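**Q** Listed below, chain by chain, are the residues.
Protein chains: 4
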Amino acid sequence: MNKLIPPFIILNFKNYPQSIGNKGLKLAKIANEVAKDTNTTIIVCPQTVDIRLIAESVDIPVFAQHVDFNEAGSFTGNNLLEAIIEAGAVGTLVNHSEHRLKLSDIERIIDRAKNNNFYTVVCSNNIKTSKAVAALEPDACAMEPPELIGSGISVTTKPDLVKRTIAEIMTVNPKVLPLVGAGVSHGEDVAEAIKLGAKGVLLASGFVKSKEPKKVLQEMAEALIK
Amino acid sequence: MNKLIPPFIILNFKNYPQSIGNKGLKLAKIANEVAKDTNTTIIVCPQTVDIRLIAESVDIPVFAQHVDFNEAGSFTGNNLLEAIIEAGAVGTLVNHSEHRLKLSDIERIIDRAKNNNFYTVVCSNNIKTSKAVAALEPDACAMEPPELIGSGISVTTKPDLVKRTIAEIMTVNPKVLPLVGAGVSHGEDVAEAIKLGAKGVLLASGFVKSKEPKKVLQEMAEALIK
Amino acid sequence: MNKLIPPFIILNFKNYPQSIGNKGLKLAKIANEVAKDTNTTIIVCPQTVDIRLIAESVDIPVFAQHVDFNEAGSFTGNNLLEAIIEAGAVGTLVNHSEHRLKLSDIERIIDRAKNNNFYTVVCSNNIKTSKAVAALEPDACAMEPPELIGSGISVTTKPDLVKRTIAEIMTVNPKVLPLVGAGVSHGEDVAEAIKLGAKGVLLASGFVKSKEPKKVLQEMAEALIK
Amino acid sequence: MNKLIPPFIILNFKNYPQSIGNKGLKLAKIANEVAKDTNTTIIVCPQTVDIRLIAESVDIPVFAQHVDFNEAGSFTGNNLLEAIIEAGAVGTLVNHSEHRLKLSDIERIIDRAKNNNFYTVVCSNNIKTSKAVAALEPDACAMEPPELIGSGISVTTKPDLVKRTIAEIMTVNPKVLPLVGAGVSHGEDVAEAIKLGAKGVLLASGFVKSKEPKKVLQEMAEALIK
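In the order they appear, the protein sequences are chains D, B, G and V. Just so we're on the same page, this note's numbering is the position in the first sequence counted from 1, plus 1339. Just so we're on the same page, this note's numbering is the position in the second sequence counted from 1, plus 1339. Just so we're on the same page, this note's numbering is the position in the third sequence counted from 1, plus 1339. Just so we're on the same page, this note's numbering is the position in the fourth sequence counted from 1, plus 1339.
Don't take every hint at face value.
Which copy is meant is left open, so a pair is good if it fits within one copy or across any two.
Simulated pairs of lysine-lysine, BS3-like, Cα-Cα distance not exceeding 27 Å [to be verified]:
#, residue 1, residue 2
1, 1362, 1502
2, 1514, 1548
3, 1441, 1453
4, 1514, 1502
5, 1362, 1453
6, 1497, 1453
7, 1362, 1514
8, 1553, 1375
9, 1441, 1514
10, 1538, 1368
11, 1553, 1453
12, 1497, 1554
13, 1514, 1453
14, 1368, 1550
15, 1565, 1362
16, 1550, 1565
17, 1553, 1365
18, 1368, 1497
Don't read these hints as lab results, they were simulated from the structure. This one's a predicted model, so the numbers in the text were calculated from it and none came from an experiment.
Just chain D, with the same shape it has in the complex:
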């Protein structure tokens, strides 16, 4: 997935009412516009059912929020990687705080993703799980302290945690991009994350639930490359 050039802003649309269907499409178009205007890499993660709608309408990368590890076959109700790819997604979140996975399944998902040239951003919750994720060789690891998710208090208010997490990821596997998330709501949070060594941020409510999503994303995008 060499076309994804860090630093990134990854926008998780979650199951928020503000991001369903056409509302999500509008948000994705805003992200597309801001990415072009600022020449930054912004990734959107709509719900599975909205991936194709959005992937057909924007030029920025579209990620799934989750894919299952199984191969094609007799499985019902799973998110099959190959189907997600055909619909236009080029990567996925894995092991999000709201969708924790078994260690062995994370490894299988990463492995299958690699074989399909599909980008993986695996979420973690602290230093040790970030190191463990790095050992699994995903493309990126996004560390999010669970207690700050959706809180509006940025992960960057814990600079030591961020720095140590990044250092430990680098020690285990310097090819893994270190990202951070949780509570990221302002341009300054993004600037701070980059200053601490992160190669990008993962956020959801700070964009999706913002009254001025375009303005806030623009600030973040500018902070990303300042």
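Keeping the supplied structure of chain D fixed, place chains B, G and V upon it in accordance with the hints.
**A** Relative to chain D, chains B, G and V alone:
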């Protein structure tokens, strides 16, 4: 969901390689054609990521293979009912043999579906679980003996099981449509199911993996209303 | 399990620090004493690891808090029914609010329990899930509104809910004993439950975390048979 | 847990009918005897319900097959660490192939175990998951190729896999003891594992289902320290 008039044929596309994306769209169009030609009710259940593509292209009802019970909010990677509906689905399979759910979650899904005028076909695996499902008041209950799923040996080879299941469902809740599935591959299997009292059949490989899906579906549709 | 004569008081020891090991043994001995003094049926449900210790020391019935559905074989870390029985338990809670199970697994557990003459008390959370449980033919169904569990506000403050639940269980399967739980903390709660038609109560903190467990249990036992 | 001196033989009793209750006690006594005779470290992992019975009767270390991550409190049917400890266990298997856990839960279990001076042997299935486990800082990591578990074909038939796994664990965290398992059935399998650098072996059927458990264990113990 009074627009769904039994008897039904429900086609589960599963995660089969033969049913992904445009291949699934072709299968759905075949189902659409057969439904029109035979004036029968045929329902297709594509993967979540393909729901919108197919719902926009056919007139027959499109179901999800699974929805999660949660309401809109801070959830990642779940199939939100409201998003599935906006994408064009009008119902869902619940508790498929390959996606078993907790009892309390099945009840919540049915409850939320009812409030959204969304059709639920809850799968069960024997007489007792069928009775339990009936008590939860879904629109339909599809009993599938797990050992016959994908076997090519039709559930109707167990006529006593089918008849007793239907009788027990009726005793608990006569409003629940009794369906059967597993191994249904031929028109005669459908005819036999209807004769035994089922209001429809649920099948997957018998259609999706058939070399002549149109021919086999046509036979089934004709058998459904004979 | 015809030796269990209703009405019952079932005491769930949970994972409370007050009920571990020797502390749990003391609580079980109190229950044993009260049962004898009042000539009532009181059942204790210690943690799995404490079942043998307690079953060897008291005459009252000892239940597990959970058993797994699997048969003996290559399974690791599961609660095997046969091992639980050899340790002295004569029954189990199933599908407790804090240990919800898949519908099909509940059915398998009940089936395996019946074949081993092992008593099953399956928990439910509302009227519909209680009906579903009754259809699965356990020995008893204990309805507990989740929002009242551990609240100190008794389920009997919802008399209509209790009466309707019992009536519906009876309709589906009159052989299933209807029990209620959640917030039961006083003798009067038990008296009220019995008056509403319940054949017993399920409680945890009201006994385990009480400062005077013997006194409170004595009151409850007397209320049970008044 | 500095009293556990490698190399080890860890005997997983699983849910085998041959290891329940008094049968498990006999097997544990055999292990106890062999450990004394050969002056080796042999650990037994009975079912949770049998931990106290066995821990009271033998001098060798007793491990649980699984503990849950939760702290003491309102949890039902879980294996609470503190209760397992009070019953006499000094360690636990974690994430066994037949009881896979979420990455974040493995980390929490290890963390809670450390705070309670409780030994953790975390299972893994390949090189990458072994590295990930090492990053979580358990006491030991037992790599078991799933396809060989219970097969009678020893993991040591894949010497390169064993050596590379050990090397990678050492790179991430040299304090983690590297163990191997799957198909270990003979003294020579143990000798080979030690020769390849493993600090011990994890086995189940090779001992529990053996017709001559004492003889086979004696051979293994001798091979361990040869």
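**Q** Compare the structure with each hint and give your call.
**A** Do the hints match the structure? See the list:
1. Taking the shortest Cα distances, residue 1362 and residue 1502 never come within 27 Å of each other, neither inside one copy (36 Å) nor across copies (45 Å).
2. Taking the closest pair of Cα atoms, residue 1514 and residue 1548 never come within 27 Å of each other, the shortest separation being 33 Å inside a single copy and 42 Å across copies.
3. In this assembly of identical chains, residue 1441 and residue 1453 lie within 27 Å of each other by CA distance both inside one copy and across copies; the values are 18 Å within and 21 Å between.
4. Taking CA atoms no more than 27 Å apart as the test, residue 1514 paired with residue 1502 passes in both settings, with 17 Å inside one copy and 24 Å between copies.
5. Proximity of residue 1362 to residue 1453 under the C-alpha cut-off of 27 Å is restricted to the inter-copy arrangement: shortest distance 24 Å between copies versus 31 Å within a copy.
6. In this assembly of identical chains, the alpha carbons of residue 1497 and residue 1453 lie at most 27 Å apart only when taken from different copies (25 Å versus 32 Å within one copy).
7. Taking the shortest Cα distances, residue 1362 and residue 1514 never come within 27 Å of each other, neither inside one copy (36 Å) nor across copies (37 Å).
8. Proximity of residue 1553 and residue 1375 under a CA criterion of 27 Å is satisfied intra-copy only: 13 Å inside one chain copy versus 46 Å between copies.
9. For the identical chains of this complex, residue 1441 and residue 1514 are neighbours both inside a copy (23 Å) and across copies (24 Å), given an alpha-carbon limit of 27 Å.
10. When the C-alpha separation of residue 1538 and residue 1368 is checked against a cutoff of 27 Å, the pair qualifies only within one copy, where the shortest distance is 23 Å, while the shortest distance between copies is 45 Å.
11. Taking identical chains as interchangeable, the C-alpha atoms of residue 1553 and residue 1453 are never at most 27 Å apart, the minima being 33 Å within one chain and 36 Å between chains.
12. With identical chains, the CA atoms of residue 1497 and residue 1554 are at most 27 Å apart within one copy only, with a shortest distance of 25 Å there and 50 Å across copies.
13. For the homomeric pair residue 1514 and residue 1453, the shortest alpha-carbon distance inside one copy (14 Å) is at most 27 Å, but the shortest distance between copies (31 Å) is not.
14. Proximity of residue 1368 to residue 1550 under the C-alpha cut-off of 27 Å is restricted to the intra-copy arrangement: shortest distance 16 Å within a copy versus 42 Å between copies.
15. Neither within a single protomer nor between protomers do residue 1565 and residue 1362 lie at most 27 Å apart by alpha-carbon distance, with minima of 30 Å and 46 Å respectively.
16. Taking the shortest alpha-carbon separations for residue 1550 and residue 1565, only the intra-copy value of 24 Å comes in at or below 27 Å, while the best inter-copy value is 58 Å.
17. Taking identical chains as interchangeable, the C-alpha atoms of residue 1553 and residue 1365 lie at most 27 Å apart only when both belong to the same chain, with a minimum of 10 Å there against 39 Å between chains.
18. In the homo-oligomer, the alpha carbons of residue 1368 and residue 1497 never lie at most 27 Å apart, since the shortest distance is 32 Å inside one protomer and 50 Å across protomers.
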